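Number of protein chains: 2
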Amino acid sequence: MSLIVQKYGGTSVGDVARIRNVASRVAACRTAGDAVVVVVSAMAGETNRLLGLAHELSPDADEREKDVLIATGEQVTVALLAIALNVAGCPALSFLGHQVRIATDSAFGKARIKSIDASRIGAALADGKVVVVAGFQGVDVKDNITTLGRGGSDTSAVALAAVLHADRCEIYTDVEGVFTSDPRLCPNARKLARISYDEMLELASLGTKVLQIRSVEFAKRYGVPLHVRSTFTETEGTWVVEEEASMEDILVSGVTYDRDEAKITLLRVPDQPGLAARVFGPIADANVSVDMIIQNASADGTTDLTFTVPQADFRRAHALVEAHARELGAAGVRTDTDVAKVSIVGLGMRSHAGVAAKMFRTLAEVGINIEMISTSEIKTSVVIAAKYVELAVRVLHDAFLGAGESS
Amino acid sequence: MSLIVQKYGGTSVGDVARIRNVASRVAACRTAGDAVVVVVSAMAGETNRLLGLAHELSPDADEREKDVLIATGEQVTVALLAIALNVAGCPALSFLGHQVRIATDSAFGKARIKSIDASRIGAALADGKVVVVAGFQGVDVKDNITTLGRGGSDTSAVALAAVLHADRCEIYTDVEGVFTSDPRLCPNARKLARISYDEMLELASLGTKVLQIRSVEFAKRYGVPLHVRSTFTETEGTWVVEEEASMEDILVSGVTYDRDEAKITLLRVPDQPGLAARVFGPIADANVSVDMIIQNASADGTTDLTFTVPQADFRRAHALVEAHARELGAAGVRTDTDVAKVSIVGLGMRSHAGVAAKMFRTLAEVGINIEMISTSEIKTSVVIAAKYVELAVRVLHDAFLGAGESS
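Chains as they are written, first to last, in the numbering used here: chain A, 1304 to 1710; chain B, 1304 to 1710.
Since the hints were made in silico from the structure, they are not lab data.
Misleading hints may appear alongside valid ones.
Stated by the list, open to error - Which stretches of chain B does chain A cover? Using the computed rule of at least three CB atoms under 8 Å from a CB of chain A, they are:
no.	segment
1	1373-1386
2	1427-1434
Stated by the list, open to error - Listed next, the in silico BS3-like pairs over lysine-lysine satisfying Cα-Cα at most 27 Å (straight line):
no.	chain 1	residue 1	chain 2	residue 2
3	B	LYS1417	B	LYS1512
4	B	LYS1413	B	LYS1445
5	A	LYS1445	B	LYS1445
6	B	LYS1494	B	LYS1512
7	A	LYS1445	B	LYS1417
8	A	LYS1512	A	LYS1417
9	A	LYS1445	A	LYS1417
10	A	LYS1417	B	LYS1445
11	B	LYS1417	B	LYS1523
This structure is a prediction, so every number in the text was calculated from the model and none was measured.
C-beta atoms are modelled at their ideal positions from N, C-alpha and C, and glycine is treated no differently.
Based on the sequences and whatever the hints tell you, model everything.
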């Protein structure tokens, strides 16, 4: 008998018929002899509906109360799924964040899980029950309701799998797994059979929306094998697992992109120690997360400092930079919101030279100008004009992933 | 400075604009220097919407999970109202049943409050906050979510007023108070300025839907003055209070009716000791609550046994009676679902003779036949054919309450 944690996303539980479908899947798994803990998201659209109500009252609603509000989405789903399971002859019990003490910090809207009390879930499992846990929510030390941020149910599921020492964590979603690239942009994209935690982490942070980054971090830290698969088919999905020896043979596992980028350049700033701190201090204070940063010193003792921020933060970041440009001695500020980031990710980059060079050459061959470059051990990202995104993704996918097997 | 508990029903918080209106009322009260605890229901229609989802899955959904489901209705409202109050410059904090330990028994769907931990509310009040508490919900000893049944938010409010030793509990609703009769049936009906707990209890149990019975029981037991009034006007409503000396001067405070009655008669049953127990035992076991019971012995040693049940339970009750009729030796079973109960309530009945007689005479004068009679210290109820309800209410109201002042 295995212990399996299954997580179903919002589309998978989007209406009563789909909840019934999930109940059948869970019941089949239970009948096959496995113990099952199910984690569910809010029904598709529900979180936005609730946030819409709050927004009608104030665009700047109290964060604590917003969490009380949107935590109801998952509460509705756990109750309905438990009802559906009981109807299907599969005894089930629902639990909310506070009932299984999913303890988090107090960062409302983006709380982090600190611990989970597995005792009540363990007792229910020992009693032969399917346990249905509300994803996305927890409680802080004062018993205030917290939520984990968009995609937080993935993290709830992986964290539960970790504390329960589950054999695996299955992430059910509306796509069939993790793809080598976005199939909408890249017709040759194909599903990966296996991918390492580190590659998945890079893909998630670079714009692939299949899994929340933190869930992958948790899975990696606690060695929880993840299986990302579709709710609507029986097909095997993608396994996200510990790195395996053969994985380094693949140069590139995925090509991904992110249109949510805006670029800001401080022109010809006198290059002094502490410059970066003086530029980015106020931006960090304004809670804007900066993505790429590039600084190039020139011979005359000045430097161009370029960085990217999410589109939503662009105005605030731009205003802050303009406000400080003069005192920093900059010749001016230049911005560009028509940019996008394209990245390749692969463990093979560690051991194989020339992967980045091949990326730059491939883009040059189709006339795409590279505006910024950023690299890490297993990824290379470039910022290019937004209009070239589709072309860049396609030619990079063809160059690195061609028509061969991805793993 | 007074401490006031205010309860707003579903219509009062039916949409965002109305929630904003409630926030203004609360803020005004706070500005006037009072401490305020607000109890809210789910937005109008929300509980039914949620129950509809459960019903789609099963007409017989698990009771524990149904409570998890419908408790979200109040959770949404407390969050939205706390957001609206904060926006209105009135610092507020929402609490759910489990956060202020509204401890109940485990009777899902109709739980009873056993205790409330007032410490967290007290601390928030001392901190100058308005406290917004989810009505209708609690937790049992195992931290399972429970709900208190329809109208349960009234009881939440009164229980909170009791444990907090509030100066008064204001029940805000979509009517202006408690009326001498239903204004839709009886054009002369007028608002009562004051009414005793006992009269209100009788009115509530006889079909007047302004307050949940249990909330009045709580208010009476703990001496909490209730003020039932409209959310949409500034008019004084009806005070429900301890009995006052002058109240006995009024023969009748209200005329009320209940169409939710069905009548079952066991004909000519041999009259033996234990007969009632053998008839009503199985009915009680089936969780059917019997309202009026009348037994008349005749000279030949048999008796006709008549009782009424709510319309929804009629089929079940009838089937049980038919099943036992033969072994009880009854000559037959007769049923009538076209009946209604009309009642008069008033403290004056205690000390003034002839009130019931005047009721019967009034009905006889307009040709209404009385099928059953039941009396208590301060009420007289009759069962009549359903088609006469409007006429009966009107003539009784005219006879007892005429055009004079009601209190």
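Next on the checklist: For each hint given before, does the structure comply? Return the numbers of the non-compliant ones in rising order.
Outcome noted: 2
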